[in-house]
Amino acid sequence: MRAVLTLLAACLLAAPIRAQDAVTTFPAPGTERQVLTLDTATDLSAFEPLIRDFQRIAPDVTIRYREFVTNALFQQARGECYAERAGADLVITSSVDHLVVLSNAGCALAHRSPETLAAPGWTRWRDEVFGFTFEPAVIVYNRALLKPEEVPRTRLDLIELMREQPARFAGRIGGYDIARSGIGYLFAAFDARNALIYGRLIEGFGRTRLLTRCCSSDLIEELGKGELFIGYNILGSYAYSAQKAGAPIGIVIPHDYVLALSRGVMIPARTRQPDLAKRFLDYLLSQRGQRVVQQEAFFFGLNGSVPEGVEAPPGGLTSGMLRPIVIGPGLLPTQDRAKRERFLREWQNALQGAEPRGLQ
Amino acid sequence: MTPRGPSLYGRLAGVITVVLAIGALVLGWAAWLYARVAADEAYDRLLVGAALQIAESVATEPGRVTVDPPISAFETLALATDDRIFYRVTDPAGDSLTGQDDLASARKQDRPGREPVLADGTYRGFPVRIVTLGRYVTGPGVDGWVEVTLAQTRLARLDLARDLTLKSLLLVLGMSVLALVALLLAVRVALRPLQAVQAAIAARDPKDLQPVEIEAPREVAMLVDSINHFLGRLAERVGGMERFIADAAHQIRTPLTALAAQVDLLSTESRADRRRQQTARVRERIEQLGRLTSQLLSHAMVIHRREVVQLGPVDLVPVAQAALKEAVPLSLDRDIRVVFEPAEPSLVIRGDRVSIGEVIANAVHNAIRHGAPGLLALRLSRDGEEAVVEIVDDGPGIPPADWEEVVKPFVRGDSEAAGSGLGLTIVADVVLAHGGRLTFRQDASGHFVVSLRFPLLSPAEDAKALTEDAA
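Residue numbers (the working numbering), protein chains in the order written: chain L, 3 to 362; chain A, 5 to 475.
Hints should not be assumed to be uniformly reliable.
Claimed, not checked - Between beta-carbon pairs, the in silico distance windows are:
#1 L:P122 - A:L159: 19 to 25 angstroms
#2 A:R115 - L:P122: 47 to 53 angstroms
#3 A:V191 - L:R114: 47 to 53 angstroms
#4 A:A63 - L:G317: 37 to 43 angstroms
#5 L:A120 - A:L162: 21 to 27 angstroms
#6 L:R274 - A:V23: 52 to 58 angstroms
#7 A:A34 - L:T64: 57 to 63 angstroms
#8 A:T142 - L:A197: 26 to 32 angstroms
Unchecked claim - Beyond 12 angstroms from chain L on every Cβ pair, some chain A residues (computed):
#9 G27
#10 P66
#11 A97
#12 G148
#13 S172
#14 L184
#15 A186
#16 L213
#17 P215
#18 S230
#19 V343
#20 R445
#21 G450
As the list claims (entries may be wrong) - Calculated from the model, a selection of chain L residues having no Cβ within reach of chain A, i.e. all distances over 12 angstroms:
#22 P31
#23 L148
#24 V260
These aren't lab readings, by the way, just hints derived from the structure by calculation.
Keep in mind it's a predicted model, so treat the numbers as computed, not measured.
Ideal Cβ placement from N, Cα and C applies to all residues, glycine included.
Based on the sequences and whatever the hints tell you, model everything.
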């Protein structure tokens, strides 16, 4: 799987316009009557339990799962929309700003049901874009390489660490390549709203030559292997999944403020099977779907529950430090091309000296 | 049973309801127009504010312009939660710096400027409100207007307008219902006096022709007045009839009793000469009774005509002449000189030709019967504004002491003379009904004069009346 992904990403680098998708098919357990195509920027391992569970209640549905990196998925979905071509039946991505842009451009189909209306207000926009997970941005560290008292619990801790021991952490701190990872860009853009902390953070990243990667999985793998000491702003769900699978990593939900994302799902306006797509969407938001999301797929609940083994702020996640990435028009400027260009340029300037090693 | 039109109450209720409904519709439409303007104004402010924020983020770098649309601008617009946002920033050369390249400016022809220009339009099929404003930038290699165009769909505006309209409609409807209830109550209260009149009349004894006395508002008082006027005339007529019937009964009973007595006498009389004498008496009584009857009938006719007949212009001269002819029998038992002396060729009054003829005849008749041994003159003359008809005879006349009494029913100047007291009563009645008067006098040569004085028609009225008559 990962090989396919990295291959895909490599292709993207070479020819970033047209993405080759990695397709996994989940044949209908019963007699196939319908085929649902999901275009996603989500690790299959995380999403698979949801597909399996859905097929238990809809055994006649075959599901095609096409996996992209976030930016490629965005281009794919936008291309289909602007060319008025039918493609995916559902688009699922952690880069909810992409979905907001698509919905703003009229690329989404509205859906209103008891399930969608029950979702928290910040996780939905225009009855077109819905968040179905709760995923905090966390600090991940290698338990063997960091003494417990060294573990950064706030961004200031991390800044201090980088300032005090630049040599020790040089090339040992990892983060998303925000030019390619939509979620990395989104988290960075929201971090940047806290200008002071953000400035010192990327200054520190520049000093320690931040390692950037396209995807959570790469970062988490390197953290587990001990190639990276600390990963910043990693999606908590993936990190926890790895931890659960035995990776020697620790997870800290920052104690100063917590960026939280709700992974988005949207039905493209040109879907061939709106009813089936709505059914799957309702399933994701239903109590049954949410139970799977929380217990098997993404581990954190929209209710703010934190799984065992994750170091949460003392007051829990419900406190005022939570900064949810609200799904709505407020996400449009993060995808403004001038703003994005400027932001990326500043990021690159700040990280000068940190050579992106590309993908492996 | 009078034919029943639709109820006044129902009709008023209907009219009021229709007026209020039309009013509510018009107000609702006005509210919708106003609400749309108000909603546009409210959201336009946000839109312009957001566009200004974007314009503020425009900066120059050597050779180029940069823009960094602030998040706050979009969060401002996100107050319209569900609305789509499109924008475009162009550099002085007109090339897009960011946003949707195909978004059209709200500015039509005029030159770029700082003032925001608002317009309605569509983008990608969505109806949008567009604002365009400019910011002048100068810097190394850069000089000119940067234009910010910002568009937002209209969902929130429509929602607000709908909401405002609905609320004002509810108000209008509430007020209409209140007004309807109030007006219906008011109508009911206003109609109550009519019910009171109805109840008062219904509760009345059929014989009671007294005026209805009800305190009523001005509008209804007119109705009550009409009813009272009608009741008054009815009472007058009924009174007249009752009087007349009593008169007539009395008048006829007396000679009948006498006649019966004489017939009794006649039946027991054996002597032929006495018998002849008795028979002559009976005949005389019967003649008297006949006269009385015809007088009563003429009185009844006169009374009836007074109530019924419309008055018209009457020339007294021919009427008097005809009456004289009719009243003077062809053969008289004595030699009387009958003279007709009209002093004017014509004397026009407003009156009832038949009644007037009747009373002149009556007066002449009276004169012949009660006196006039040798002369009977009928003179017509003008006395100022009055036409005067004088019946002159050389008989004893009526003693001045009886002049007042003689015009009342049942009183005869000479209680012994045969005939009825009704003659002059009728004359007096009719003359009075014509706005005239009846007088008696002795003239210079000692003749007895009965004068009937009628107000003359003025020449203008005369002409008018005659043309009316001709028409």
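Hint check:
no.: 1; hint: L:P122 - A:L159: 19 to 25 angstroms; result: holds, 21 angstroms
no.: 2; hint: A:R115 - L:P122: 47 to 53 angstroms; result: holds, 48 angstroms
no.: 3; hint: A:V191 - L:R114: 47 to 53 angstroms; result: holds, 50 angstroms
no.: 4; hint: A:A63 - L:G317: 37 to 43 angstroms; result: holds, 41 angstroms
no.: 5; hint: L:A120 - A:L162: 21 to 27 angstroms; result: holds, 26 angstroms
no.: 6; hint: L:R274 - A:V23: 52 to 58 angstroms; result: holds, 57 angstroms
no.: 7; hint: A:A34 - L:T64: 57 to 63 angstroms; result: holds, 58 angstroms
no.: 8; hint: A:T142 - L:A197: 26 to 32 angstroms; result: holds, 28 angstroms
no.: 9; hint: G27; result: holds, 38 angstroms
no.: 10; hint: P66; result: holds, 15 angstroms
no.: 11; hint: A97; result: holds, 15 angstroms
no.: 12; hint: G148; result: holds, 18 angstroms
no.: 13; hint: S172; result: holds, 28 angstroms
no.: 14; hint: L184; result: holds, 39 angstroms
no.: 15; hint: A186; result: holds, 44 angstroms
no.: 16; hint: L213; result: holds, 81 angstroms
no.: 17; hint: P215; result: holds, 77 angstroms
no.: 18; hint: S230; result: holds, 71 angstroms
no.: 19; hint: V343; result: holds, 118 angstroms
no.: 20; hint: R445; result: holds, 113 angstroms
no.: 21; hint: G450; result: holds, 123 angstroms
no.: 22; hint: P31; result: holds, 39 angstroms
no.: 23; hint: L148; result: holds, 34 angstroms
no.: 24; hint: V260; result: holds, 19 angstroms
Hint check: no violations occur; every hint is consistent with the structure.
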